[in-house]
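The task is to assemble the complex, starting from two chains supplied on their own in separate frames and drawing on the hints.
Those protein sequence lines, which keep their order, are chains A and B.
When we follow the working numbering, the leftmost residue of the first sequence carries the number 16, and every step to the right adds one.
When we follow the working numbering, the leftmost residue of the second sequence carries the number 47, and every step to the right adds one.
Don't read these hints as lab results, they were simulated from the structure.
Small disclaimer: the values here were computed from a predicted structure and weren't measured.
Some hints could be false.
Claimed, not checked - List time: in silico BS3-like cross-link candidates among lysine-lysine, alpha-carbon distance up to 25 Å:
id, chain 1, residue 1, chain 2, residue 2
1, B, 136, A, 137
2, B, 95, B, 115
3, A, 136, B, 136
4, A, 184, B, 311
5, A, 137, A, 57
6, B, 136, B, 304
7, B, 95, B, 112
8, A, 169, A, 184
9, A, 136, B, 304
10, A, 184, B, 304
11, B, 132, B, 192
12, B, 115, A, 137
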Amino acid sequence: MRIDAKGKLFDALNAEISEHNGELEIDNCLGQRFIAAGASAKQVVINGVPGNALGAYLAGATIEVNGNAQDAVGDTMNAGKIVVRGNVGDAVGYAMRGGAIYISGNAGYRAGIHMKEYREKKPVIVIGGRAGSFLGEYQAGGIIIVLGLHKDGKPILGNFPCAGMHGGKIFLRGDAQRVVFPRQTTRRAASPSDMYEISSYLAEFCDLFKINVREFSRDDFTVVVPNSSNPYKQMYVAN
Amino acid sequence: MAINYIYPEFDVIRDPNRCITCRICERECSNGVHIYDADRKTLRADETKCVDCQRCVATCPTRALKIVKNTCALRENENWHENSIKEIFKQASSGGVLLSSMGAPNPLAVYWERILLNASQVTNPSIDPLREPMETRVFLGRKPSKITRRPDGTLDTTLAPQLELETPIMFSAMSYGSISYNAHASLARAAQELGIFYNTGEGGLHEDFYQYGAHTIVQVASGRFGVHEDYLNAGAAIEIKMGQGAKPGIGGHLPGAKIVGDVSKTRMIPEGSDAISPAPHHDVYSIEDLRQLVFSLKEATRYQKPVIVKVAAVHNIAAIASGIARSGADIIAIDGYRGGTGAAPTRIRDNVGIPIELALASVDKRLRDEGIRNDVSLVVGGSVRNAADVVKAIALGADACYIATAALIALGCHLCRTCQTGRCNWGIATQRAELVKRLDPDEGRRRLVNLLTAWRYEIMEIMGGMGINSIETLRGNRSMLRGVNMTSKELEILGIAHAGE
Ligand code: SF4
Ligand code: SF4
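This is chain B alone, in the form it adopts within the complex (with noise of 0.2 Å):
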């Protein structure tokens, strides 16, 4: 037999002192690391399937297991990274194109660490968020650009249709198929609690959640995947998807082995099939070709609800959305290259695309520029994992955040990477029945809405600081931002001056 050259990278540490052989971990891990030793009586560990996804850890009453990297190393190298190496071996041994899942875990530039907020002194009064009213509610679509009257004088107050947040913070896609039924559920009950939406992502519409229709963006991949008329009149809004953050330009394969029971009635393919999401919608080509998939989707919904273009954050963006937003989208959608994903070629999630905030602000710009901004919302994600990223997003001229990792966060997930598998231990991006009863539905909703809760006060308390009172006066106010560790030309992209200035 072939020598396996790759040495595990976690070593599960028992305290024998504490285990009292309860034989939980072996219950609660699906790769199967834990086994029980019937003739000892003790437990012993298969570190090679370890995915360091803690769930043992918490479940273990007695903390008796630890999880650490594993410090057997290969010699240091500068050039070729342990990874490098080990990335060789994969795909030496089998052949394969490298998968991985969640977003890139390289030490990318992160712009939200290198700007910092401002705060009044003496010459302009914070507010006290506790004391004074505090807008955070925001409205996504057209806005009108001028003031017309009707043929009688009286005001035209008719308005595109309009998605109405009472945060800035919506849950962006994640399919029931990458993720499970109780996590939906989870996100859509915590939507509805909160006054935002979540999104369906490519995988269709679970009947059970069309109750929560009000609150939910169904989507539309190239897959079309359970897209018809009840599901495009289901939601609130209707999202288009072009690409993501964390792969764009290629398409998605869900493999035919997670296309089974209610995900496959909900995408409405065979169990079994393969549920492939072609690269591109192959009936857009252009942005003409666009502006035909936006208005069939209007027409197909009588006008009523708002039609978003998700687009991932590629070199050139400035010139795409201009694009989108004469295409008669409502609402643009942009990912960056740190957003998640259930599964994707390494090589694409590591390498294609741009920083959200770099793409946040030159499109800004670029439609301010033009005379177009008001003629659509700009919604952005690709890791906005906190308040702060929050409120720099918010700065740099978006209407609006999608979080998707930090939901799942919020939801137990643990950053392990392996969402591939199909064996989350946290009930997340798993269909096994044993796994998704792990996250119950009501506590997913409880801690959604904690998450966001507190976020919605520290946006507020942040605002507050500045002396301002509304998201409103937060959009594109870049003079609340400064810049450090960065180059004049990222300074200038960003259109922020440098701490000190």
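Pulled out of the complex, with its shape left as it was, chain A reads as follows (with noise of 0.2 Å):
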């Protein structure tokens, strides 16, 4: 089904796409927020640019942007996959404990912030360019994958990534050496069994944005892990 979003405000607009499941596809798009919050069952394909809070609480559905997004992409997603055929704003993948983020350029600051795993759930966020500052703070679980394929010369990293991390993996490719973080993390290089992790998205992410996948070496990627899971263990006395 298609539906045109031309002057619709986001409450008529997600009204709309509340009531099909299946397949959807949106033509101009133009900053309507919370598009497919909480959606299960269907898979969405959005022309333009969807507003804030696209696909919050997602709960398995798959929603793919030809265009820009804004940001709170994916916040408190559970399940599911967002692709984003562009560049994402701040707070990508907030609190996000389950499914997938696939952004082809790139994403504002406090990306990841708060991702968590539970079980089977392993939240992914692979970001093609760079991410801005405060990447990954307080990351409890999941992936984040920084690919630097950007090529506007600037860092790949902003300031003050991973503080207050405590769980999951950031993987950077590229040069990684001038960016700081925090004394609660550990960088190292990645291993084989690093790579083998992230290798199904790679794949993914090569497929979906006609990457070869051949362009990443082992060498270039760096891991970023926490030292503990209890950052805060020693910092309290009873009273």
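Spelled out as structure tokens, the structure:
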């Protein structure tokens, strides 16, 4: 089914989307928020630029955006897939617990904050270009991959990544030497098993955005992990 | 070995003439205070570990035990109080941030106690609640500000979603993890029976409790633990927790040691991993962002549920509440600085925030002045201790009250203020199976139902005395209140006259 979003406010558009399961294509999207929030059974293609909180609390649906997306893509997402052929704004994948987000371009500030994993649920964010400051703050699980395919010469990460990180992994491709990570994390070169862990995500990314997977060599990847899953253990005394 | 500067706070007194060496106290004390001496065939006590929870006292069959405050005292000093000195000892030996639980124990201003209620004499008859109908039911949610008609001339009767309460009291947020399964079961069952609501707190909703969904408020906090599509749709309302009275401005850390079994499953995080709730929601940095979170929740639940935004009472609370009212929230919950907690840094608990009475009065006034009072309902908490506090809160402008500490006391909590240890002898603030089973959820339900039934009757009696027969008439009716022992500024903020006026 096709929906023309032109001139529609977010509530009217979302009411229409919620009535239809299965395949949907939305044309002329222009900043309407909360598209497919909490959706489970549909495949949505969006032509244009969806507004904030695209696919918040997503529960299994797939969303594909032909264009940029704004802030809070996949906020508290639980399952499903979001593909953005462009850049995303701030706070992508906030507190995400499952599913995958693939972004061909760059991500703004605070990507993947407080991402977490649980049993079979292991969220993944793959960012094709670079990411802004505060990447993976409080990260408690899941995988964030930043591929650095951007061509504007800017550094792969902004400042202060991984503050309070206590779970999960971050993969950075390319030169991460200059990035400063906090003391409670460890940075190391990717091992073969690390690469095996992300191979299917890399393959999917390449498949989605028509990139040759052979561009990625293990030597180029740095892995950042937390030293402890109890970072605040020693801080308190009972009173 | 370094000397321990801190002398035990309590004395465990055992009457040898009454003690029959049954060793019940030894089993009942999870802190390991009572020790059986096999050689002498007597019990002795390691009072250094006693927290004065009174469990052994209550379970001793011969009443042989007494816990008293240790009279061994430091030299009196009106500036350096004993507690100030002991806190320095603790920090100097550990280097740690002081961590406490439950509401502030300091003699902080309790305005409830300086507000007196009115009653009818001569000019306006009082009403006998035993004889005449009394309405204690309230609806929480956005109310229409004007009458609108459909194009065909009929009245537009569509209402924003409402919570219907038989009594204007709800159980406020306490997470599964900070309190036990049986404590949650007691609250859920009591809420159902009473026609009110309990609140999951930020720890998710145990699968066994989905059946009480119609009487459940599900909370979304900065950590988003256990938040997913089914959870959001399971409750009758969704509460966004921005802050908590006991610890405004800071987040929470449930230590990994407490993330075990079902708690891990309900929060949906791995066992043993710290559950860290960041201080702010990192997607909410403004009222506009809050509006986005409110509407994302409404969209995800198709506008079927009222959204509550809970904040701590802090300076400028009136302006903050005005912003929240404009964010699309249906209900604002305000938590005062005497509110309880399972664990909070002592300095924050005892110094940050303002009393709920003042916050409530200024928020209600501000919203009325701005003509947006009907856009939201107000729920207040932070040490509402009895029916009179509830009546005063409603007369100051609240639609309903949140209680938590009072509910736990009904379940057996003795306010020993050591919830953070996870060894609650009353089966409330613990996850240890052998302790949790001490709290029978049906007995817990019964006690909570008793408490609120009694409070409801008291509320009706007080209202009847005022000649008022419905909560609606009491709400914001500050002419029913008078202050004593207050400055004119305090009276001005509360919007009430002094007694005698
Ligand atoms: S901690 Fe509680 S049960 Fe143990 S000795 Fe003290 S009062 Fe008794
Ligand atoms: S809940 Fe338990 S540990 Fe906490 S104050 Fe009450 S009795 Fe003590």
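Structure-based check of all given hints:
1. 136/B <-> 137/A: violated (41 Å)
2. 95/B <-> 115/B: holds (14 Å)
3. 136/A <-> 136/B: violated (42 Å)
4. 184/A <-> 311/B: This hinted pair holds, its Cα atoms lying about 22 Å apart.
5. 137/A <-> 57/A: holds (21 Å)
6. 136/B <-> 304/B: Given pair residue 136/B, residue 304/B holds - Cα atoms ~24 Å apart, limit 25 Å.
7. 95/B <-> 112/B: Status holds; Cα separation ~15 Å.
8. 169/A <-> 184/A: This hinted pair holds, its Cα atoms lying about 23 Å apart.
9. 136/A <-> 304/B: holds (21 Å)
10. 184/A <-> 304/B: holds (24 Å)
11. 132/B <-> 192/B: violated (59 Å)
12. 115/B <-> 137/A: violated (52 Å)
Checked against the numbered hints listed earlier, the structure breaks hints 1, 3, 11, 12; every other hint is satisfied.
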